[in-house]
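S.K.: Here the protein sequences come in this chain order: Y and G.
Quick note, in my numbering, the first sequence goes up one by one and the last residue is 140.
Quick note, in my numbering, the second sequence goes up one by one and the last residue is 729.
These are computed hints drawn from the structure, not numbers from a lab.
Be aware that one or more of the hints could be misleading.
What the hints assert, rightly or not - Pulled from the structure, derived: some chain G residues nowhere near chain Y, Cβ distances all over 12 Å:
1) 67
2) 279
3) 303
4) 461
5) 463
6) 480
7) 518
8) 728
Unchecked claim - Within a straight-line C-alpha distance of at most 35 Å, the following computed DSBU-like cross-link-like pairs (lysine-lysine) qualify:
9) G:533 - G:66
10) G:187 - G:277
11) G:217 - Y:69
12) G:217 - G:187
13) Y:69 - G:533
14) G:249 - G:187
15) G:252 - G:66
16) G:189 - G:277
17) G:249 - G:506
18) Y:63 - G:187
19) G:277 - Y:63
20) G:249 - G:217
These numbers come from a predicted model, not from an experiment.
Glycine included, each C-beta is placed from N, C-alpha and C at the ideal position.
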Amino acid sequence: MRIIIILIMDANGKTLETLKCGQRSVIRAVDPSCPQVQRLMTLGLVEGAEIELASAAIGGDPLEFRLFGRGISLRREQARHFSVAPVGSGD
Amino acid sequence: MTKAKEIRVPLNQIATSRRADASIAVVGNPNSGKSTLFNRLTGLRQRVGNYPGVTVERHVGTLKLADASIELVDLPGTHALSAHSDEERIAIDVIMARLPGVAAPDGILAVVDATNLYQGLYLVQQLLELELPLVVALTMSDAAEAGGVEIDVARLSEWLAGTPVFPVVATTGRGLEPLRAALGKLKAQPAPVFAPVWPELAAAADDLFAEVEQKPRRADIERLLIDGPGASNQALLEALGADAGQKLRKAQDRVFGIDPPLAAEARVRYQWVRKVLADIQTEGRSLISWKTRLTGFLNRPVPGTIGLFLVMAIVFQAVFAWATPMMDLIDGTAATLGGMVANGLGDGALSSLVADGVIAGVGSVVIFLPQIIILFLFIILLEDSGYLARAAYLMDRAMRSVGLSGQSIIPMISSFACAVPGIMATRVIPNRRDRIATIMAAPFMTCSARLPVYALLIAAFVPAETVGFLNLQGLVLFGLYMFGIVMGILTAFLMRQTALRGPKPPFALMLPEFRRPNLQTVFIQLLGRVKVFLRRAGTVIFTVAVIVWALAYFPRSGELELQAATEYAQAESMYAGPALETALADIDNRAAAAQLEQSWLGRAGKFVAPAFVPLGWDWRVSAAVIAGFPAREVVIAVLGTVYAVGDEADEATLSQRLKASRHPDGSPVFTFPMVVGLLIFYACCLQCAATLAVIRRETNSWRWPVFAWCYMTTIGYLGAMLAYQLL
Numbered sequence: 050m051r052i053i054i055i056l057i058m059d060a061n062g063k064t065l066e067t068l069k070c071g072q073r074s075v076i077r078a079v080d081p082s083c084p085q086v087q088r089l090m091t092l093g094l095v096e097g098a099e100i101e102l103a104s105a106a107i108g109g110d111p112l113e114f115r116l117f118g119r120g121i122s123l124r125r126e127q128a129r130h131f132s133v134a135p136v137g138s139g140d
Numbered sequence: 003m004t005k006a007k008e009i010r011v012p013l014n015q016i017a018t019s020r021r022a023d024a025s026i027a028v029v030g031n032p033n034s035g036k037s038t039l040f041n042r043l044t045g046l047r048q049r050v051g052n053y054p055g056v057t058v059e060r061h062v063g064t065l066k067l068a069d070a071s072i073e074l075v076d077l078p079g080t081h082a083l084s085a086h087s088d089e090e091r092i093a094i095d096v097i098m099a100r101l102p103g104v105a106a107p108d109g110i111l112a113v114v115d116a117t118n119l120y121q122g123l124y125l126v127q128q129l130l131e132l133e134l135p136l137v138v139a140l141t142m143s144d145a146a147e148a149g150g151v152e153i154d155v156a157r158l159s160e161w162l163a164g165t166p167v168f169p170v171v172a173t174t175g176r177g178l179e180p181l182r183a184a185l186g187k188l189k190a191q192p193a194p195v196f197a198p199v200w201p202e203l204a205a206a207a208d209d210l211f212a213e214v215e216q217k218p219r220r221a222d223i224e225r226l227l228i229d230g231p232g233a234s235n236q237a238l239l240e241a242l243g244a245d246a247g248q249k250l251r252k253a254q255d256r257v258f259g260i261d262p263p264l265a266a267e268a269r270v271r272y273q274w275v276r277k278v279l280a281d282i283q284t285e286g287r288s289l290i291s292w293k294t295r296l297t298g299f300l301n302r303p304v305p306g307t308i309g310l311f312l313v314m315a316i317v318f319q320a321v322f323a324w325a326t327p328m329m330d331l332i333d334g335t336a337a338t339l340g341g342m343v344a345n346g347l348g349d350g351a352l353s354s355l356v357a358d359g360v361i362a363g364v365g366s367v368v369i370f371l372p373q374i375i376i377l378f379l380f381i382i383l384l385e386d387s388g389y390l391a392r393a394a395y396l397m398d399r400a401m402r403s404v405g406l407s408g409q410s411i412i413p414m415i416s417s418f419a420c421a422v423p424g425i426m427a428t429r430v431i432p433n434r435r436d437r438i439a440t441i442m443a444a445p446f447m448t449c450s451a452r453l454p455v456y457a458l459l460i461a462a463f464v465p466a467e468t469v470g471f472l473n474l475q476g477l478v479l480f481g482l483y484m485f486g487i488v489m490g491i492l493t494a495f496l497m498r499q500t501a502l503r504g505p506k507p508p509f510a511l512m513l514p515e516f517r518r519p520n521l522q523t524v525f526i527q528l529l530g531r532v533k534v535f536l537r538r539a540g541t542v543i544f545t546v547a548v549i550v551w552a553l554a555y556f557p558r559s560g561e562l563e564l565q566a567a568t569e570y571a572q573a574e575s576m577y578a579g580p581a582l583e584t585a586l587a588d589i590d591n592r593a594a595a596a597q598l599e600q601s602w603l604g605r606a607g608k609f610v611a612p613a614f615v616p617l618g619w620d621w622r623v624s625a626a627v628i629a630g631f632p633a634r635e636v637v638i639a640v641l642g643t644v645y646a647v648g649d650e651a652d653e654a655t656l657s658q659r660l661k662a663s664r665h666p667d668g669s670p671v672f673t674f675p676m677v678v679g680l681l682i683f684y685a686c687c688l689q690c691a692a693t694l695a696v697i698r699r700e701t702n703s704w705r706w707p708v709f710a711w712c713y714m715t716t717i718g719y720l721g722a723m724l725a726y727q728l729l
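Using the sequences plus the hints, can you model the full thing?
M.R.: Right under this line is the structure:
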């Protein structure tokens with residue numbers, strides 16, 4: 050299971066950290082090994098959720114995303130664990 | 003002989019059954035409008051207490067209906083039934099009836115923000131499995147409509163196993179009547195029969211307890227499976243028998259595989275939520291609201307930083323511009339009252355107790371109120387408008403470099419006016435280590451009570467020269483502010499490296515849209531915080547003020563009184579008119595100084611003076627510093643008395659006396675190194691009983707206030723000594 054996740058992340062290369070402002074994406078894979086990431090999943094950052102980068106704070110970190118119209122802020126080191134694909138790119 | 007039967011009923015159950023017909027827990031996400039709705043429903047019929055053993059506040063209100071009176075418990079906001087902070091843990095433990103001595107609620111009012119159904123329904127889904135009567139209030143339904151979102155309420159209710167759903171607007175009161183009626187009948191409403199969205203988990207839960215006689219609720223077993231063994235489900239684990247741990251692990255392996263249970267739960271439940279949303283919600287083209295635009299603008303680094311400074315500048319302007327006149331008024335009133343009492347009762351211990359002890363004591367509590375109320379008000383407004391989260395987001399990077407998180411910024415900045423509201427504002431910090439580190443750093447910020455002392459010493463002993471284009475006095479004041487900031491940040495940093503070492507807390511900050519704060523909610527919160535201040539800090543300040551009075555008053559020397567009387571008679575025979583009054587006042591002041599010298603306070607000053615010799619202090623300064631420990635601003639009045647210029651002396655007179663003050667060997671006391679040391683001592687020392695009382699309350703132990711006091715006093719002493727010895 051872990052291997053598959055890593056493979057998906059490698060093949061795609063894009064994570065929440067590398068998103069550009071205003072780009073709408075769908076979370077494709079999450080690496081849940083870290084407890085901080087599990088907390089974020091409880092807040093709704095799971096596979097299949099649509100997400101968009103809204104802004105970056107002073108110093109470029111943390112990042113603000115819009116998840117179902119709601120602002121949520123993540124640090125870069127956490128955003129790295131979420132791999133994304135553009136909306137409508139198929140499964 | 004018949005034995006008396008022992009009946010055990012939890013205390014609060016008696017209270018509940020007598021006062022209210024039902025007890026309903028109000029549950030919802032943070033920022034879901036839960037407290038606004040709670041305040042709408044209960045008005046001022048509220049009580050605030052504490053949950054045992056933690057600093058989490060317990061808000062209970064009464065909903066009065068024609069035929070019933072319902073107790074509503076406003077629980078801290080939570081996103082899910084798995085806890086990440088003390089507040090969330092309390093909320094969950096109350097809902098799941100896991101707190102000893104706190105009975106299970108008769109029903110649940112789930113508050114869901116209509117503009118944030120995604121996270122709201124996640125929690126509702128978990129609540130549905132608790133087999134408790136449930137109603138859902140959809141708050142901010144007007145904002146959802148304005149955003150172009152249409153919600154099919156009837157369909158939503160169907161998805162939620164027939165749970166009644168009420169769209170409301172808590173700020174205007176729209177839709178509240180049907181909700182009130184439903185709450186009145188909630189206890190009798192059957193619990194929802196909700197088909198499990200995760201059949202594998204439900205089956206595993208049933209399996210796990212298949213051989214146990216008294217079956218616990220399935221939801222409790224599911225939480226045990228997902229959250230693992232912990233303090234709150236110990237009883238459940240024990241019911242499983244001897245090899246409980248092994249059984250549990252086996253069941254967990256079967257359901258979750260190698261996935262972390264929380265991650266698996268989030269995946270399954272949010273999949274269901276998305277399915278529901280797709281069915282009940284039609285999204286029109288939402289217009290980009292002004293709030294979104296404003297948010298976007300304030301999020302850019304430069305406008306965001308400017309915005310933050312502007313907001314804090316307004317707060318400080320308000321604290322100093324509005325509070326200072328009121329504080330002067332209170333100060334003046336207390337002095338006038340004291341004078342009237344002194345005149346009315348004549349000289350004597352009772353008169354002095356009332357005038358200088360009680361009235362001055364009450365005055366020193368009340369004098370804090372204007373700036374504390376204003377500061378509380380602004381902090382609450384910032385919190386409720388959603389700006390606090392935004393400031394935390396903007397400053398997170400900078401605060402993280404010193405080992406804190408963005409949420410520490412507002413408490414720290416507020417402490418520049420007064421550490422008491424600053425420390426109480428640390429409640430927004432979910433991580434306990436971060437929170438305590440912030441509390442330890444806050445008292446180092448230069449509060450408004452330090453300013454008069456700084457101003458006096460700087461005006462008297464720092465030459466009014468210009469260095470380059472800067473005024474030296476201003477430079478020293480600026481240096482003292484910076485010194486406080488550096489010391490505070492250093493303290494937080496060191497604490498996070500040592501005593502408060504721990505894993506980096508998860509940072510997941512929900513950034514709510516800006517919204518206009520609800521006045522009723524603001525008022526109720528303000529009232530609550532002011533009450534806490536008066537009860538916790540006020541009593542301490544008052545007690546200590548009276549104790550210091552007694553130390554400075556007793557014992558009275560009859561000899562000195564006699565001598566003063568003789569001098570009075572002499573002066574009356576020698577002078578007349580204004581000259582007589584000056585002479586009499588001078589005699590009074592000198593007599594007061596002499597009395598103070600032989601009082602317990604004076605003796606204490608002389609007793610500890612040797613300890614302060616390395617700092618260059620004489621017994622007078624030592625006595626004034628001791629008197630200033632309960633509240634640092636007292637020091638000026640004490641210095642005034644000690645130096646025989648009266649406790650109401652103006653600054654110029656006092657600073658002249660200070661300059662003329664000599665050690666027994668004839669060298670001046672207030673030399674430049676000594677003054678720098680004294681300033682450093684004041685910048686560090688925790689001379690504020692109110693702050694200590696609030697730290698005690700917010701950390702729920704005496705350990706932290708005692709540590710803060712010892713630590714800050716040591717630093718102040720060492721700093722003052724270094725300055726005196728090296729400069």
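S.K.: Within 35 Å, alpha carbon to alpha carbon, are residue 249 of chain G and residue 187 of chain G?
M.R.: 41 Å, violated
S.K.: Would you check whether the claim that residue 518 of chain G is not at the interface survives, using Cβ distances to chain Y and the 12 Å cut-off?
M.R.: 18 Å, holds
S.K.: Please settle this one: residue 480 of chain G was flagged as non-interface, so is its CB more than 12 Å from every CB on chain Y?
M.R.: Holds, since 23 Å exceeds 12 Å.
S.K.: Does the claim that residue 728 of chain G lies outside the interface with chain Y hold up, using a Cβ gap greater than 12 Å?
M.R.: At roughly 37 Å from the nearest Cβ of chain Y, residue 728 of chain G sits farther out than 12 Å, so the non-interface label holds.
S.K.: With a cut-off of 35 Å on the C-alpha distance, tell me whether residue 217 of chain G and residue 69 of chain Y pass.
M.R.: Outside the cut-off at roughly 52 Å; violated.
S.K.: May I ask you to check that residue 67 of chain G keeps its beta-carbon over 12 Å from the closest beta-carbon of chain Y?
M.R.: 34 Å, holds
S.K.: Do the alpha carbons of residue 217 of chain G and residue 187 of chain G lie within 35 Å of each other, as the hint requires?
M.R.: It holds: about 28 Å lies between the C-alpha atoms, which stays within 35 Å.
S.K.: Under the criterion that the straight-line Cα-Cα distance not exceed 35 Å, is the pair residue 533 of chain G, residue 66 of chain G satisfied?
M.R.: At roughly 24 Å apart (the allowed maximum being 35 Å), residue 66 of chain G and residue 533 of chain G satisfy the hint.
S.K.: Does residue 249 of chain G pair with residue 506 of chain G here, judged by a C-alpha cut-off of 35 Å?
M.R.: 32 Å, holds
S.K.: Does the alpha-carbon distance linking residue 187 of chain G and residue 277 of chain G stay inside the 35 Å limit?
M.R.: 31 Å, holds
S.K.: Does the structure keep residue 252 of chain G and residue 66 of chain G at a Cα separation of 35 Å or less?
M.R.: 50 Å, violated
S.K.: Residue 63 of chain Y and residue 187 of chain G: Cα distance at most 35 Å?
M.R.: 52 Å, violated
Violation of the numbered hints given earlier is confined to hints 2, 3, 11, 13, 14, 15, 18; the remaining hints are satisfied by the structure.
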